[in-house]
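Novice: For the record, the sequence lines run as chains A and B.
Quick note on our numbering: the first sequence kicks off at 1 and runs consecutively.
Quick note on our numbering: the second sequence kicks off at 114 and runs consecutively.
Just so you know, these hints were derived from the structure itself, not from any lab.
It is possible that part of the hints are untrue.
When the alpha-carbon atoms are kept at most 30 Å apart in a straight line, the in silico DSBU-like pairs for lysine-lysine are as follows [stated by the list, open to error]:
| # | chain 1 | residue 1 | chain 2 | residue 2 |
| --- | --- | --- | --- | --- |
| 1 | A | Lys57 | B | Lys191 |
| 2 | A | Lys100 | A | Lys57 |
| 3 | A | Lys100 | B | Lys170 |
| 4 | A | Lys100 | B | Lys191 |
All values reported here derive from a predicted model rather than from experimental measurement.
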Amino acid sequence: KNQVEQSPQSLIILEGKNCTLQCNYTVSPFSNLRWYKQDTGRGPVSLTIMTFSENTKSNGRYTATLDADTKQSSLHITASQLSDSASYICVVSERDSSYKLIFGSGTRLLVRP
Amino acid sequence: GAGVSQSPRYKVAKRGQDVALRCDPISGHVSLFWYQQALGQGPEFLTYFQNEAQLDKSGLPSDRFFAERPEGSVSTLKIQRTQQEDSAVYLCASSLVVRSKGGYTFGSGTRLTVV
Chain A
1 KNQVEQSPQS
11 LIILEGKNCT
21 LQCNYTVSPF
31 SNLRWYKQDT
41 GRGPVSLTIM
51 TFSENTKSNG
61 RYTATLDADT
71 KQSSLHITAS
81 QLSDSASYIC
91 VVSERDSSYK
101 LIFGSGTRLL
111 VRP
Chain B
114 GAGVSQSPRY
124 KVAKRGQDVA
134 LRCDPISGHV
144 SLFWYQQALG
154 QGPEFLTYFQ
164 NEAQLDKSGL
174 PSDRFFAERP
184 EGSVSTLKIQ
194 RTQQEDSAVY
204 LCASSLVVRS
214 KGGYTFGSGT
224 RLTVV
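In isolation and in its complexed conformation, chain A is listed as follows (with noise of 0.2 Å):
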């Protein structure tokens, strides 16, 4: 049933540092990939939306990339910050129930001073 599986499962970095999150996905046939920042005791808000022709995708300081032949993606995080530490959640949509949004259990960001 696992159908997007995402690592590290959590990961702690100092402020300032760089990180990378990734997420595979079983999905298929493919519609759309889209990270997720999911505060504590928040619904999760949208950082980028990927379509399979789609390889690269940036907002602010996150850098998304899909490879839809390996069904990878990452989530790139520059100069991190004290407000980065959330829950990032990978979610995939299927081409026949592209509104079925699949998520994966997230990656647990800590950003310490």
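The hints should help you fit chain B onto chain A, whose structure is shown.
Specialist: Chain B alone, transformed into the frame defined by chain A:
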């Protein structure tokens, strides 16, 4: 409103009790979704409305779960005879158009604890 509003924020129910969770989507949003998020996990799809029509309820875990959106705006997720395994955060999301490739807006969720 400016965002998706869910109420209550927290609900403690005794096992066997019925509960009703409310979602106020962004005004004018056609699509509305309910997701269930267990502790430490990503959300899982429960059901989808397009206006007042419930087009997909394949994610509802049992017939104890029922959702409605009678006038195509506010939605209610009802859980009958709650069980401990129903404890989770229930998230509501809305989208302006059908099959949106962009903006799904999530509410902050209702945390249900069944004791």
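Novice: Could you run down the list of hints and mark each one as holding or not?
Specialist: Verification of the supplied hints:
For a cut-off of 30 Å, the pair hint linking A/Lys57 to B/Lys191 is broken: about 39 Å separates their Cα positions. Proximity of A/Lys100 to A/Lys57 is assessed by CA-CA distance (about 22 Å); at most 30 Å being required, the pair is judged to hold. For a cut-off of 30 Å, the pair hint linking A/Lys100 to B/Lys170 stands: about 11 Å separates their Cα positions. About 20 Å separates the Cα atoms of A/Lys100 and B/Lys191, which keeps this hinted pair within 30 Å; it holds.
Hint 1 from the list above is the single one not met by this structure.
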